[in-house]
Each structure stands twice: as C-alpha cells, then as structure tokens.
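Colleague: Read off the chains here:
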Amino acid sequence: MNLEDLEREVARLEDIQAIEDLQKMYGYYMHSNQRKEIVDLFSDDAESLEVESAGLFLGKEGIKKFFLTDPQTTIKEGKTDVPGWINILILIAGGVVEIDPSGKTAKGRWTTWLPESMLLGALPRQQWVHGYYENEYVKEGGRWLFKKLHWNVTFFTAFEAGWLRIPLLGLLTRKDADAPAPNFHPYPCFFQLPYHFKHPVTGE
Amino acid sequence: MATLEELQARIGRLEDIKQIERLQKIFGYYQDYGEWEKIVDLFSDNDPSVEEADRGVYKGKESVKRYFVHLLGGGPDKPQRPGWLSILFQLQGVVTVNDDGASAKGRWYGMGMEAKPIASLHEGELRQTWIHGVYENEYVKEDGKWKFKRLYFNLVFRTPYEDGWLRVPVVGQNGPDNTVKPDASPTAYFPYPSGYRVPFSFKHPITGL
Chain A
1 MNLEDLEREV
11 ARLEDIQAIE
21 DLQKMYGYYM
31 HSNQRKEIVD
41 LFSDDAESLE
51 VESAGLFLGK
61 EGIKKFFLTD
71 PQTTIKEGKT
81 DVPGWINILI
91 LIAGGVVEID
101 PSGKTAKGRW
111 TTWLPESMLL
121 GALPRQQWVH
131 GYYENEYVKE
141 GGRWLFKKLH
151 WNVTFFTAFE
161 AGWLRIPLLG
171 LLTRKDADAP
181 APNFHPYPCF
191 FQLPYHFKHP
201 VTGE
Chain B
1 MATLEELQAR
11 IGRLEDIKQI
21 ERLQKIFGYY
31 QDYGEWEKIV
41 DLFSDNDPSV
51 EEADRGVYKG
61 KESVKRYFVH
71 LLGGGPDKPQ
81 RPGWLSILFQ
91 LQGVVTVNDD
101 GASAKGRWYG
111 MGMEAKPIAS
121 LHEGELRQTW
131 IHGVYENEYV
141 KEDGKWKFKR
151 LYFNLVFRTP
161 YEDGWLRVPV
171 VGQNGPDNTV
181 KPDASPTAYF
191 PYPSGYRVPF
201 SFKHPITGL
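From first to last, the protein sequence lines stand for chains A and B. Residue numbering for the first sequence follows the working numbering, beginning at 1 and increasing consecutively. Residue numbering for the second sequence follows the working numbering, beginning at 1 and increasing consecutively.
Excised from the complex, chain B in its bound form (with noise of 0.2 Å):
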C-alpha cells in the first residue's frame, strides 16, 4: 500500500499533466479569435520564446510580446480585417513532467482551417487554407502555475483550399520579418515534402530510447 506521500506525488504528476494539457488548449482558443495579449500572458517572465513556422525565434518575454502582438496582430488593440479566420486544433497532447516537477514537455498537432491574408504578388489578398503542423513545447511551473516557457510549431503544410497539400505544401512563405525582427533565424523549417521529423521529447515508452 502506497504512503499518503506516495500517492499524493502521484496525483500531482496527473494534476500537473491537466493543468499543462488546459494550458495548451486554452492557447488554442486564444488563438483561434486572435487575443495575443492574453497568448503573452500564458508565458513565463524567465527567458522565454516562440518559433513558428518560418518567422525565426523570439527570445524572451518583450520578444514573445512583439511577435504575437506586433507582429501577428499587427500593433496592439488592431481589429482583425474582415474575414480573418483561424481555427487550430491543439490535439494528441503528449505531455512528459520533468522528476523535478517544475518543468514539462509536450508533443502535439496543429490541425486547422484559416482565412488569412497571404504574402504574395496580391498583398493582403485572403486564402481560405488547410494547416497543419506539430508542436514541441516546453512548460515552466512558477507559483504553482503551468507557463510556456517556449512554444515551438513546425509547419507541416498550409495549403490553398482549392489545391491540396500534394499540389501545392505552402502558399505564402513569410520568412523573418523585416520589420518586427526576430532574434535568431528558424531553427528548423523543412516543410512537405521534406521528410523532416520534428524531434520527439517523449522517450519510446517500452524501450525507453
């Protein structure tokens, strides 16, 4: 018979497991309506950073603030133009808590649909587009809450509606911006049809490789 302690060390992997998996999908849904000022607050204050896709990495909190809401909002309290869309399913979490309890790493899809002004000859032009890509994210515990301490989507694919992910991988590269600059080039962009493979934080759970 397991010791109070035991078990109450064991309830609170699982509780930290929900809280990290609640975490990240209310990211999701923040998200999904655009509220990037809510998404800065969901990070840590101790070095934290956001890579996405082909934009490069933010590092650290002013960074992560001008990524989400200078960059992809476009300055603070911009409306979004009519028409935006953005629905990204956060699915499959695995979620790995570190021994000491303080930190976590979690796997996960991306999977959407969005409507969004594409970088292209026709700026500002709105696709309706398929996306998908896989998260590999760390977590930080501060004051007995669950923080992203960085946030990472590797695109996979994000293609035209009308074209597929076969025909047509990915419609609007953005590339690091020119204007809100990110701190350091992509780490890792090989969208469809690289082959690349996002490397696992997760252990293979029966030969622990």
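Isolated chain A, as found in the complex (with noise of 0.2 Å):
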C-alpha cells in the first residue's frame, strides 16, 4: 500500500463518519422539529424525499414544502413552532453505507423505531412505530448532504394495542404532495423494501 492508497483508505473511512453523523443529526433535529435546519441538510439538487404514506415530495421544493408546511406540527407557514406535548422521536440504528466509488454519492440502509406522540385525525394519540431508511447522499463542497431521503414504514400502531392488533393507525397522507408514496405497504403485507448493497459474501 502507497501513501495514495491509505489516503483514499482515509477518505473513505471519514466519508462514512460524515453520512453517519449526518443521518443521526436529522433525527436529533427532528426530535426538537428544527425544521428549517433539516432542509439545509438536503442538496440544492436533491431528488426527492419519500415518507410513509405522506406522498413523495420532488426536488429541493418539494422538500421545502415537505418540512416547512406541514400541518401536523407547524402552526403558521415558516415556523415549526409545536406544542410540547407532540414527541417525534425517531431512534436511529444499524447504518450500512456504501460510498460510490466516485467518493461523491453514497447510499445507506437504516432501521429506526419510534415512540411517537401527535395529533392522528382530531386526537392525540401515543404511538410505537418502525420502519428502515434506503437514503442517497451527496458530497458537495467537502460536505456531505442528503440527495434522497426515503422513510419506508412496517407499522404505526397504538401505544395501547400492538403491531398486531393495529398494524396501521391512520394515515399521514400530505394532499400537496408531488404525488402519492410509491413504496406504501405496511404489515402485514411484507413488502421487502430492497436493499442497495450487495451479499457481502457472495456478491450478490
């Protein structure tokens, strides 16, 4: 191995660090609704952002629109001002991040759960809810951003009744979305959301 070669080893290693750090600071932001500060996570030239059965949301706009007009937790456009009982806390785990060759795109697969509190219909509701991250980022100007962010759900059930029972507590669905979420098959359909890396054995 030459210095170039355990450079690149390096950049690689950090690259990683930097998407992980990335994707846990989305959900810190998350959790106390910095809005405004998640946007600036996403690329200028971002793709798209997909969640649950909200819809998928195009380009840097629609992403704006996603995050900054979204009539669950903002009171008036541009703030995200929420009552403090409203609790989105999204624990993040199991980061597999493949850096493109390139070193400027990457992709990763997480699984998160969810101890939720909002507002479903006209009632407050405590929630348990799981699903995995296959996300795309982007390394622009030394710094690694968000390209594609897409929240796949399993279940969203009641606090008080299981995942079995309740597989699906309501809908999220976000009538000014760009258009509605492609990937919406919760349990107990078991849908397999693919994953982007390969067997690391075989390859496949």
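Mixed in with the good hints there might be a few duds.
A few chain B residues that face chain A, going by a derived Cβ cut-off under 7 Å, partial list only [claimed, not checked]:
id	residue
1	Thr3
2	Leu7
3	Gln8
4	Ile11
5	Arg22
6	Leu23
7	Asp41
8	Leu42
9	Leu72
10	Pro82
11	Leu85
12	Phe89
13	Lys141
14	Lys145
No lab work stands behind these hints, which were simulated from the structure alone. Positions of the beta carbon are idealized from the N, C-alpha and C atoms, including for glycine.
Join these two chains into a complex; the hints should help.
Modeller: This is the structure in structure tokens:
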C-alpha cells in the first residue's frame, strides 16, 4: 500500500463517519423540530423525499414544502413551533453505508424505532412506529448532504394495542404531495424494501 | 511519526471493525425478512456454529443450514405465514479484532419486536412480543471477507406485548427441536429473571482484566 492508497482508505472511512453523523443529526433535529435546519441538510439538487403514506416530494422545493408547511406540526407557514406534548423521536440504528467509487455519492440503509405522540385525526395519540431508511447522499464542497430520503414504514401502531392488532393507526397522507407514496405497503403485507447493498460474501 | 506500514496496520484494523459491524447489521436486515439462505451464506465454510435461545447448538455448515432454512424457515423457499413479523435491532457492537487480524469477537444487543406463531396449546397462534437478548459472536476473515464463525444469541426475555417482561419473561419455550435436531444441548439458557451474565468477549478497557 502506498501513500495514495492509504489516503483513499482514510477518506472512505471519514466519508462513512460524516454520513453516519449526518443521518443521526437529522434525527436529533426532527426530535427538536428544527425544520429549517433539516432542510439545510439537503442538497439544492436533491432528488426526492418519500415518507410513509405522506407521499413523494420532488426536488428541493418539494422537500421545503414537506418540512416547512407540514399541517401536522406547523402553526404558521415558515414557523415550526409545536406544542410540547408532540414528540417525534426517531431512534436511528443499523447504518450500512456504501460510498460510491467516485467518492461523490453514497447510499445508506438504516432501521428506526419511533416512540411518538402526535395528533392523529382530531385525537392526540401515543404510537410505536417502525421503519427502514434507504437514503442517498451527495458530497458537495467537501460536505455530505442528503440527495434522496426514503423512509418506509413497517407498522404504525397505538401504544395501547400493538402491531399485531393495529398495524396501521391511520394515514398521514399529504394532499400537497407531488405524487402518492410509491412504496407504502405496511405490515402485514410483508413488503421487502430492496437493499442497495450486495451480499457481503456472495456479492449477489 | 508512524511509518507507512504502521499506518496501514492501524487503518486495516479500523477497516476490519467496520466490515464486521457491517456484516452483523446486514445479518440483522436479512433476519428481519427471514432470508435464511442469504444468512447461511454469511457463515464460514470452516466449522461454523449457531446457537440461539433454547434451540441448542448447530455445528458445521450443514447444520447451520438446517437450523436457518429448515428449522426457522420451515424448509427451502417456504413463504412466511401472513402476519409474521421479525424485527431485531443489532445494537451497540463492541468488536475486538484479534492480533492475527484474521479472527474477531463481538458483543451486541438484540432488541426488537416480533409477531410469530408461539409454541403453545393453541399451536400456530400469532403473538406480538418484545424480545431482548445478548449476542457474543465470533468472526473469521477468509479470502479477505469477514464471515460468522459462531453466532450466539442468549435470550433475556421474549414477552407478550400485553404482559411485559416482569410478568411473563418468556412466552413459547421452544427447546431443542425433535425433527431438525441440534448437535448439542443449549450451553447456557437462563433467561430473565435468573440474573445470568453472558461472559464478555472484551477485556476491561482500563484494568485490562
């Protein structure tokens, strides 16, 4: 191994670290509901955002629309103040991050566990929620940003009932989405969100 | 200033830890979807073993396959029954790469949510459960790839959603299977509230003991 190979290896490890930090920071900003800060984690050339049943939001404009005009958590457009009891806590684990050989883009899968409380319909509800991310990242000006965010829900159940009895407590469909959510197939339909990675041993 | 060789060795160690963590997490994703064949391929061909909860020890690649594909999967390419759910987070890995650079150990938490048929008087009844346990796994590097040498999951609790771990620590004890038989009895099956501590693969980071 020469110095160049070594530098490439170090850069790859640093890239993975930076992307893991980015993904976790997204979770912390969501929890504290800092929507403006979240929007700034996305590239200006971001492709799309797809979340749960909410829908598909295209481009940076769509992403701004999703976060900054959310009827669920926004009191006034552009503001993100919410009542204290609303809690969107995303525990993010299991990051498998692959850096493209170009070193300019990357993909990552994560698993998430969400103890939440929010308005559902007219009612305040407490929920257990599970889902997976399959996200894409891009490096611009030496910094990693979201290129594509896709969070796919597995179940979304009432705390009082559990996933077997109530797989889906309700829909969070957004009528201002650019398209209906293309991959919204919650439990128990056994939808398998495709992996971006190859099998680590067989390579298939 | 470190030499190029020293730096290479240090980067290599970090890279090994990263690859092992990746292996364990990908195992978790395959397990969530019940992709048993893919899991078997994550194991070494060289005397691997698997032991989970009270199922007993399955030794050798053929037995590893019997365990995942035939016991857990119910046979090759058998679709999961409707409502089957398996989510087991692979958390908090502490990976120790041995000095040889070719073998390693890792301790992890498994924590998750399931809906599976529970062995009971009502055979096949789906129950929703919380599950928690501790992994102490061994890995081996073969042809530049890290693989499982030993997968060991020690169950702490598997409780019905409606009851909780204090009231019902384990629902649906399986025991060693009569048809897809293990090669040896469980080495240590002492779920909550026994207070059993799974021995640590790592040394105390300060005292070294």
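Colleague: Each hint needs a verdict: does it hold in this structure or not?
Modeller: Results for each hint:
1. Thr3: violated, 11 Å
2. Leu7: holds, 6 Å
3. Gln8: holds, 5 Å
4. Ile11: holds, 5 Å
5. Arg22: Hint on B:Arg22: holds, closest Cβ of chain A at ~6 Å, below 7 Å.
6. Leu23: holds, 6 Å
7. Asp41: Since the shortest Cβ distance to chain A is 5 Å, the answer is holds.
8. Leu42: Status holds, d = 6 Å.
9. Leu72: This interface hint is violated because 16 Å lies over the 7 Å limit.
10. Pro82: holds, 6 Å
11. Leu85: Given a least distance of 6 Å, the restraint on B:Leu85 holds.
12. Phe89: At about 5 Å, which falls below the 7 Å cut-off, the nearest Cβ of chain A leaves the hint on B:Phe89 intact, so it holds.
13. Lys141: It is violated, given that the least Cβ distance between B:Lys141 and chain A is near 12 Å, above 7 Å.
14. Lys145: holds, 6 Å
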